[in-house]
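Numbering of the sequence shown is given in the numbering used here, commencing with residue 37 and proceeding in unit increments.
The set of hints was computed from the structure by calculation and includes no laboratory data.
Some hints could be false.
Unchecked claim - Each computed DMTMM-like pair below joins lysine to aspartate or glutamate, with the alpha-carbon atoms no more than 25 Å apart:
1. K89 - E192
2. K186 - D140
3. K89 - D129
4. K186 - D129
5. K179 - D129
6. K186 - D121
7. K89 - D166
Stated by the list, open to error - Have a look at the derived ranges for each label pair, beta carbon to beta carbon:
8. G141 - I77: 40 to 50 Å
9. G160 - G181: 39 to 49 Å
10. P191 - D121: 15 to 25 Å
11. G211 - A149: 18 to 28 Å
12. A78 - D180: 18 to 28 Å
13. I77 - S182: 37 to 47 Å
14. A100 - G130: 46 to 56 Å
15. T75 - D180: 42 to 52 Å
16. P107 - T198: 17 to 27 Å
17. A78 - S182: 44 to 54 Å
18. G102 - D129: 17 to 27 Å
19. S87 - P107: 42 to 52 Å
By construction, the Cβ of each residue, glycine as well, lies at the ideal position given by its N, Cα and C atoms.
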Amino acid sequence: MTTRSSALAAPRRRRLLLLPLAAIVLAACGSSTDKPTPTVIAGLDPCLVGSWKSVGVSGTVQSADGSLHIPLSGGAGQQAVIRPDGTVTLVYDGSDPEKGTGSDGGAYTIVNAGQFAGRLRTSGDQATLDVTDSGNATQTISKDGSVLQKSDPQPEQVSTYTCRSRSTLAVTTFGITVNWVPA
Numbered sequence: 037m038t039t040r041s042s043a044l045a046a047p048r049r050r051r052l053l054l055l056p057l058a059a060i061v062l063a064a065c066g067s068s069t070d071k072p073t074p075t076v077i078a079g080l081d082p083c084l085v086g087s088w089k090s091v092g093v094s095g096t097v098q099s100a101d102g103s104l105h106i107p108l109s110g111g112a113g114q115q116a117v118i119r120p121d122g123t124v125t126l127v128y129d130g131s132d133p134e135k136g137t138g139s140d141g142g143a144y145t146i147v148n149a150g151q152f153a154g155r156l157r158t159s160g161d162q163a164t165l166d167v168t169d170s171g172n173a174t175q176t177i178s179k180d181g182s183v184l185q186k187s188d189p190q191p192e193q194v195s196t197y198t199c200r201s202r203s204t205l206a207v208t209t210f211g212i213t214v215n216w217v218p219a
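With the hints as extra help, turn the sequences into a complete structure.
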C-alpha cells in the first residue's frame, strides 16, 4: 500500500454507493400481484421504490494500487427509503460495522453513521445516486483500532444492481455487494 488514503479510497466510495443504490431496477424486476408497482418518474426502476433494510455485505475491496485486499462482512441494519419521485433517504445509524482482515494481516473496520438524502436514477443495471444533502453521514475506516480516515458521502455514486419483484435487492460497488430486503 502506497499511502493510507490510497488504500481507503475504494472502501469510502464503495460503501456510500451501495446503500442508496438499493433502490434500483426498472425493466428487469417486473411486478408482483401482492405488491402493486407504484407510478414512478422516468429513469427510475419501479422495483426499487419502497423501504429497504440491509441484511449484510459480501465481497472484497482493494486499495487503489491493488496491493491490499480486504474481504468484508457485516453491514446489516442500514435503511433506505426510495420514493417514486426518485428521492432517497439513507440511514446508517444502528447498522452493524463492516469488518475484514486485510491481506496485510490488519483488522479493518468500516463504521457508517448518520443519514443523507439524494436523488436516484437508473439505466439498465446501473444506478446513479446524486447526493443532495450530505446531512450528518460519515464513514470511518480503522485498522487495528486506529482511525485511518473519516469522510462524508461523495456527491455522485454509481453502482450496479439486481432487484427481484421488490423482494430482494443487491447493489454492487467496487467489488462489495450490499444485500437488501423490504423493511
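Each hint, compared with the structure:
no., hint, in the structure
1, K89 - E192, "holds, 21 Å"
2, K186 - D140, "holds, 21 Å"
3, K89 - D129, "holds, 12 Å"
4, K186 - D129, "holds, 16 Å"
5, K179 - D129, "holds, 21 Å"
6, K186 - D121, "violated, 31 Å"
7, K89 - D166, "holds, 20 Å"
8, G141 - I77: 40 to 50 Å, "holds, 48 Å"
9, G160 - G181: 39 to 49 Å, "holds, 41 Å"
10, P191 - D121: 15 to 25 Å, "holds, 20 Å"
11, G211 - A149: 18 to 28 Å, "holds, 23 Å"
12, A78 - D180: 18 to 28 Å, "violated, 48 Å"
13, I77 - S182: 37 to 47 Å, "holds, 44 Å"
14, A100 - G130: 46 to 56 Å, "violated, 30 Å"
15, T75 - D180: 42 to 52 Å, "holds, 50 Å"
16, P107 - T198: 17 to 27 Å, "holds, 21 Å"
17, A78 - S182: 44 to 54 Å, "holds, 47 Å"
18, G102 - D129: 17 to 27 Å, "violated, 33 Å"
19, S87 - P107: 42 to 52 Å, "violated, 29 Å"
When held up to the earlier numbered hints, the structure conflicts with 6, 12, 14, 18, 19 and fits the remainder.
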